[in-house]
Amino acid sequence: MACRLLTRSAAARLVSHLRRTPGPTQRLLAPRAALSSLLGSTDGLPHAADSTLRVPARWFSSPSTDAVAEAPVTADGLTVDSIASKGWTILPEAESDWRSHAAAVAQSIKLIKKRLKWGWILERTKQLSVVLERPDLWEDPVFAGMVSREHGELMGKIKSVNQFEQELIEHIEMLRLAREENDNELETESMGDLADMRRNAKEKELNALLSGDNDSCSCFIEVQAGAGGTESMDWAAMVMNMYRSWAQRRGYTVTVVEEMPGEVAGIKRATIKVDGEYAFGYAKAEVGVHRLVRISPFDSGKRRHTSFSAVAVIPILGDASSRYQIKDSDLRIERFRSGGPGGQHANTTESAIRIVHIPTGISATCQNERSQHMNKASAMAVLQSRLDQLEIARQAQMNAEHTQSLNEISWGNQIRSYVLHPYRMVKDLRTNYEVSDPDSVLEGDLDDFILNYLSSALDEADVSK
Amino acid sequence: MAMLAFSSNAFLRPNPPGPHLRRLLLPKPLSSAAALTPPTPQADPTGGSNPDPDPTPLFLRPASHRVPAAALAAFRLRAAALVPPSAPHLRRHLRWLLADAAANDPASGSDPALLRASLDDLEALWLRHVRGRRPFQYVVGNEHWRDLVVAVREGVLIPRPETEAVVDIVKRVEGFEDGWWADLGTGSGAIAVAVARELGAAGRVFATDVSEVALEVARLNVQRYGVQDKVEIRHGSWFEPLEDVKGKLMGVISNPPYIPNVDLPGLQPEVGWHEPKLALDGGKDGLEHLLHLCEGLSSVLKPGGFFVFETNGDKQSEFLVDLISTKWSSFRNVEAVLDFADIKRFVTGYRR
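Residue numbers (the numbering used here), protein chains in the order written: chain A, 1 to 465; chain B, 1 to 352.
None of these hints come from the bench; they were simulated from the model. Note that the coordinates shown come from a computational prediction; the quantities given were computed from them, not determined experimentally. Keep in mind that a hint or two might mislead.
To be verified - Restricting the straight-line Cα-Cα distance to at most 25 angstroms, the calculated cross-link-like pairs of lysine-lysine (BS3-like) are:
#, chain 1, residue 1, chain 2, residue 2
1, B, Lys344, B, Lys284
2, B, Lys246, B, Lys302
3, B, Lys327, B, Lys344
4, A, Lys114, A, Lys159
5, A, Lys327, B, Lys327
6, B, Lys171, A, Lys327
Stated by the list, open to error - Listed next, the stretches of chain B that the computed footprint assigns to chain A, with coverage defined by at least 3 CB atoms under 8 angstroms from CB atoms of chain A:
#, segment
7, 88-102
8, 112-125
9, 240-250
10, 264-273
Claimed, not checked - The following label-pair restraints were derived from C-beta to C-beta distances:
#, chain 1, residue 1, chain 2, residue 2, range
11, B, Ala99, A, Glu434, 18 to 26 angstroms
12, A, Gln384, B, Ala99, 35 to 43 angstroms
13, B, Pro303, A, Pro341, 34 to 42 angstroms
14, B, Ala202, A, Ala144, 45 to 53 angstroms
15, A, Thr255, B, Asp322, 48 to 56 angstroms
16, A, Thr306, B, Ser64, 50 to 58 angstroms
17, A, Asn432, B, Ala81, 27 to 35 angstroms
18, A, Leu331, B, Gly175, 23 to 31 angstroms
19, B, Arg78, A, Pro341, 30 to 38 angstroms
Where a beta carbon is used, it is the ideal one built from N, C-alpha and C, also for glycine.
Only chain A is shown next, with the shape it has when bound in the complex (with noise of 0.2 angstroms):
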């Protein structure tokens, strides 16, 4: 159901695949922004190409152009795809049957292809090869660098699956000519390395979850309270503190970019900033309206309450192309003081300064510093990370991706419910998983949830072939 961000993405993508399917390369060319969406991610399988050891040369002694290698063969008949149709039952790994391992490999396969977008991935790196062969291709320079590099990047990830497809055949053809011949000890060897590549197939699955656009970046979150006084502000920071929690434990730098107090208690709003690989990757996933139910400490009468907080993230796009250039023109800086002649007939220490951006609206406000100078130079500063963010989402959505933003989160698009009582529970809605420790999960132990939502997301949509 709700795999709102991700479906409406990966659509996206399809209808831009499906725009650019009959493929010309003169239509390719044309717009090159529509083209730069199209760039994938360098990290969809990292490390499978230095983990896998034995590369058998005779699969791809052919160009690495094409792309589609001929599907690796046992030499009775068995391949991937017929492994995984079979229904061989998956027993737990501790059991040695070869067909158990061999189909748990085969449907992790199947899996990281669907989420790598497989027969998207194909189609694309056929049309990029055609393109890299124009003859004319180099004289603009910034276009060829943007094509070869994306066509290098799919071809990785498909290589790399390849790679990993033969070595599971392989695996199976050693396995039985040892039986044939009955070597013990090539039989067990065979074996263990079956069940080597189960464990690794499940890591495969995991990197195969952040291969988006973008998901490799840092990224802004933004936590805004619902309607609700007081109540709904401590839980806006309920969320920002998980959120923080969440990113320290993963090793991520958080800063603090803005924060507007509430009056009693908690935030109206704020947003940190939290730098870190696949940063965006992650926030995403939590995209939306948090709910909160438990007796509220604001109430005098001890009644249960629920509140909303409504939970933005926003990428952090790794080229200075998207900082917002601000043009001084485009600046109305409005000082709080009084008319008169000013100079040495005044004497004042209003020094507060407010930025307007004309162009957008978009203002910014400094008052804490003690000069002019230095409160126009704070509220510069916001000014700035505002603009970006709305620089960020205009390119996100010229790139026919899709991000999500504050006043875009309709507070109806719940994704997640907190109840501290009557019982104690965290389910999310859109997938379901709940567990019944909250103190935990609000101390930012938030990665199930993020996991199970992005294999859901990935893996119900329907864009694989």
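With chain A fixed as given, assemble chain B onto it according to the hints.
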């Protein structure tokens, strides 16, 4: 109220000395800042000639007073009770006064609090601010100006927010980093220090003032920001101390007294009653010193040199722009520059 009326009269009674007399007076070292300060309207327990027993700015005094948190809180309440609803800015001042007085973060709520003045002293300071309209900057002994905390005290003009722009104007001059600059009538030294912090290895600022008090404060500020090797402080009126660098200056900066003397009696009490008349009184039409500065410019500036003066605003600036570009042919690009309130506050130009 009667006191107030009396004091305004008292301020008017001694006629301001005529321009000629003033100019004769200027180069002489002044024995006391108070001679130039209009009498404070209220009886001052410490005596008018010595308005502050300890001239060290509050924020630089040693933190030697342990005050129980409860007593500090009581003081805060007492002081806040003196703030009339018509003067909400005093709440901000009280917060800043306590911030400057505290040696540790006031928010930490440590008990006892470590203060730079006794509660009695703070109370006296606060009363003189609220009742005597002594400028807040003199009370705490500083003004936050640009990114600096400039020490000030009675006898020195409090740097104005408008003047912050002078430094930005200087920074726009090509190659300013390595030039020699003069800040004439430096006062607290705010401009000189701020410009010096932007200069390169070869850059220098000659900061002159006729007032000994001003030089003392300027020296303190230069030291606090560690720009002694960039700023040379010289005693004397306008160009007088600059004989040896004539024709070598890349730029001349000045925020001279420019208030027309007829406007002096109507000034805001914080300014008229407390700030040095020497730094405010521009004589007839407020132009006396500005004209003197314009006349001396071409002899001290090197060819291509730059000047920026702060003025009383629109009419004065327009007059000066017109005068400089028509009377002398030796200047180019003479223009009036707006301040943040869109008043033509500055006059700038280049020597040919």
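Evaluation of the provided hints:
{"no.": "1", "hint": "B:Lys344 / B:Lys284", "verdict": "holds (20 angstroms)"}
{"no.": "2", "hint": "B:Lys246 / B:Lys302", "verdict": "holds (8 angstroms)"}
{"no.": "3", "hint": "B:Lys327 / B:Lys344", "verdict": "holds (21 angstroms)"}
{"no.": "4", "hint": "A:Lys114 / A:Lys159", "verdict": "holds (15 angstroms)"}
{"no.": "5", "hint": "A:Lys327 / B:Lys327", "verdict": "violated (38 angstroms)"}
{"no.": "6", "hint": "B:Lys171 / A:Lys327", "verdict": "holds (19 angstroms)"}
{"no.": "7", "hint": "88-102", "verdict": "holds (count 4)"}
{"no.": "8", "hint": "112-125", "verdict": "violated (count 0)"}
{"no.": "9", "hint": "240-250", "verdict": "violated (count 0)"}
{"no.": "10", "hint": "264-273", "verdict": "holds (count 4)"}
{"no.": "11", "hint": "B:Ala99 / A:Glu434: 18 to 26 angstroms", "verdict": "violated (49 angstroms)"}
{"no.": "12", "hint": "A:Gln384 / B:Ala99: 35 to 43 angstroms", "verdict": "violated (28 angstroms)"}
{"no.": "13", "hint": "B:Pro303 / A:Pro341: 34 to 42 angstroms", "verdict": "holds (35 angstroms)"}
{"no.": "14", "hint": "B:Ala202 / A:Ala144: 45 to 53 angstroms", "verdict": "holds (47 angstroms)"}
{"no.": "15", "hint": "A:Thr255 / B:Asp322: 48 to 56 angstroms", "verdict": "holds (53 angstroms)"}
{"no.": "16", "hint": "A:Thr306 / B:Ser64: 50 to 58 angstroms", "verdict": "holds (55 angstroms)"}
{"no.": "17", "hint": "A:Asn432 / B:Ala81: 27 to 35 angstroms", "verdict": "violated (60 angstroms)"}
{"no.": "18", "hint": "A:Leu331 / B:Gly175: 23 to 31 angstroms", "verdict": "holds (28 angstroms)"}
{"no.": "19", "hint": "B:Arg78 / A:Pro341: 30 to 38 angstroms", "verdict": "holds (36 angstroms)"}
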